[in-house]
Every structure is written in C-alpha cells, then in structure tokens.
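Enquirer: Per the UniProt record's numbering, the very first residue in the sequence shown carries number 1; after that it's consecutive.
Among the hints, erroneous ones may be present.
Said to hold, decoys possible - Taking lysine to aspartate or glutamate pairs in the DMTMM-like style, the calculated list, with each CA pair at most 20 Å apart, reads:
hint : residue 1 : residue 2
1    : 142       : 194
2    : 142       : 130
3    : 142       : 76
4    : 54        : 108
5    : 142       : 189
6    : 54        : 130
7    : 54        : 100
8    : 54        : 21
Bear in mind the hints are in silico, worked out from the structure with no lab data behind them.
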Amino acid sequence: MTQPATADRILHAARVVFEREGAAAMTMRRIAQEVGITPMAIYRHFPNRDALLKRICDDSFQEIAHHWHARNTGPDVMTRIVALQEIYLDYALAYPHLFDHAFSTRRDDARRYPDDFRARRSPTLNEVADAVADAQTTGALKQDDPWEVALTLWAHSHGLIALYRAGRFNCDAKEFRALHARALRRLLEGLAVDASSPG
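Between the sequences and the hints, there should be enough to build the whole structure, so can you do that?
Expert: Structure (structure tokens):
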C-alpha cells in the first residue's frame, strides 16, 4: 500500500490537531511531531502556519459545499432550504474548532458581503442563494433579493449556534437541534408567500 504524500500527511495531522484542540494547538513543531518529520520539512510544502490554516479552512469549505450541493436537489425547494441549514448545524456541532475559525474568527482572507458573495466566490452560500432563488421562482417564497434572504438564513442559524456554543442554552444537542428546527420553520413562514393574500 502506497504511503500518502508528505503534504497530505501534514494536512491530515494538522486537521486532526485542529479539530481536537483548536487553532492555538496547531503549531508547526506539533504537526511535525505528529507526522514524524522535522519542522523545517513542513516549509517545503507550506510556506508558513497561516498557509496551512488557510488550506485546512478551504478544504473544509469545499467539503461542506459538496454536502450542500448533494442535498440541494429535488423538487421540494423548501425541503432543500431546511436541509442546507441542517448541514450547517451538523458541521458546527461535529467540528466546533473548524467552525469557529471558519465563521467566527476575523481573517484577512475571509470572503466579504456583498462583493465576494454576489460574485459567487462562496462555495457554501452559493448553494443557499440558489435554493432561495428557486423557491422564489416557484412561488414558495416571496420575491426578494435572494442573496439577502440567504444571508438572513445564514445569520439565523449562525446566531443560534454561536449562542449554543457559548453555553447560553440549558439543553443538550438533541434539544438544541429541535429548537433550531422550530425557529427556522418560523423564519421560513415569515418569508413564505401568504396563500391567503390576493395575487
């Protein structure tokens, strides 16, 4: 069996440390020890720690975008929107350190609204905006700016998750998931077309 390339081994070790202990624990010396190489050997593959962190984040964005894209199919657009928000919640609870670094830490290379998002540079929010646009086209959601609606949905889930991660809810993960689902349903009901309204 062929051994993975050194760069792949470095990435794997760095991500394991990151997921278990957070970004602060991810030093070049620590990663070198995990891989069984010298710290200087890492620099042949990654110029610095920031580059390694960025690659881990970029890979995690692509992973969640892949899951979102897979769930962003099917005729029921509202089910698709709910599924996308649930994947975001799954990601936050399964990989809290990656989630915090990707979405809650100020980073110079982070994508910024509106320019980066409207230019479709976000592999994750693209999926939400597309699902929202489809829901508006089919008449399930009110006509509005799909990017701002997608941003509203993102902020809704992110805000609840941030509060949960900060210990502001006296409930376990299962109860929190149910709360998130109820709150999302209320939000979508407010964004939905009122069947009783004229025209």
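Enquirer: All hints, please: hold or fail.
Expert: Hint check results:
1. 142 x 194: Holds, at roughly 8 Å.
2. 142 x 130: Cα-Cα ~15 Å, so holds.
3. 142 x 76: holds (16 Å)
4. 54 x 108: holds (11 Å)
5. 142 x 189: holds (10 Å)
6. 54 x 130: violated (26 Å)
7. 54 x 100: Judged against 20 Å, a Cα distance of about 14 Å means the pair holds.
8. 54 x 21: holds (17 Å)
In summary, the structure is inconsistent with hint 6 from the numbered list given earlier, while agreeing with all the others.
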